[in-house]
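Trainee: Chain residues, written in single-letter form:
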Amino acid sequence: DAGITQSPRHKVTETGTPVTLRCHQTENHRYMYWYRQDPGHGLRLIHYSYGVKDTDKGEVSDGYSVSRSKTEDFLLTLESATSSQTSVYFCAITTNGGADTQYFGPGTRLTVL
Amino acid sequence: AQSVTQPDIHITVSEGASLELRCNYSYGATPYLFWYVQSPGQGLQLLLKYFSGDTLVQGIKGFEAEFKRSQSSFNLRKPSVHWSDAAEYFCAVGRTTFPSGSARQLTFGSGTQLTVLP
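Protein sequences appear in the order of chains E and W.
Residues in the first sequence are numbered consecutively from 6, following my numbering.
Residues in the second sequence are numbered consecutively from 27, following my numbering.
Derived from the structure by calculation, the hints contain no laboratory data.
Heads up, some of the hints might be wrong.
[Stated by the list, open to error] On the chain E side, residues computed to face chain W include the following (Cβ under 8 Å):
1. Gln30
2. Gln107
3. Phe109
Just so it is clear, CB atoms sit at the ideal spot from N, CA and C, and this is done for glycine as well.
Start from the sequences and build out the full structure, keeping to the hints where you can.
Mentor: Here it is in structure tokens:
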């Protein structure tokens, strides 16, 4: 357990509505990541952060934005949710300064109707 | 670009039997390799990792994996499977990213679902 919580854990929303998922960590880790998990695809990186206000895109960033205004929180926003964004979203952190292992939160199941 | 292939979508073994899950990767430099396990409705738990050194690495729950550079493989093994090992297993390869210079971007395989028969 790397002190990661995600909220909400489950959400159902409608196409076109904005959605924000929150990742919160309690151990002051610098590096944080957002992944989505879909059947047959494993996990794919959406965005990551390497410090407050420092973020970069991952493999599947289209339709997503992120923000990190303080060390402990990394927010993932879907500006206008689409059905293709129905997925399970995982937040992760890296210990020991980035070049070490990623530990994952419990996940958020998002359904876009 | 890096990639990971897990050729077996689903494997069924009997309890007490040995297990090998296959993982092949594509990466231009020395890879950082990981195996994670996911139980239904849960997050991912790290089983083991390879960064450098001894090519046979030991992990938690009695798992081990062997890095074979010549075969671009990092197969996961367990000599005797327990019913509690039923889960989905993911292999991943990591590379450092820029501009941060040290954040690790992971590429995952599509997973292998393990069923354990009594």
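Trainee: Run the structure past the numbered hints and jot down the numbers of the failing ones, going up.
Mentor: Number 1 only.
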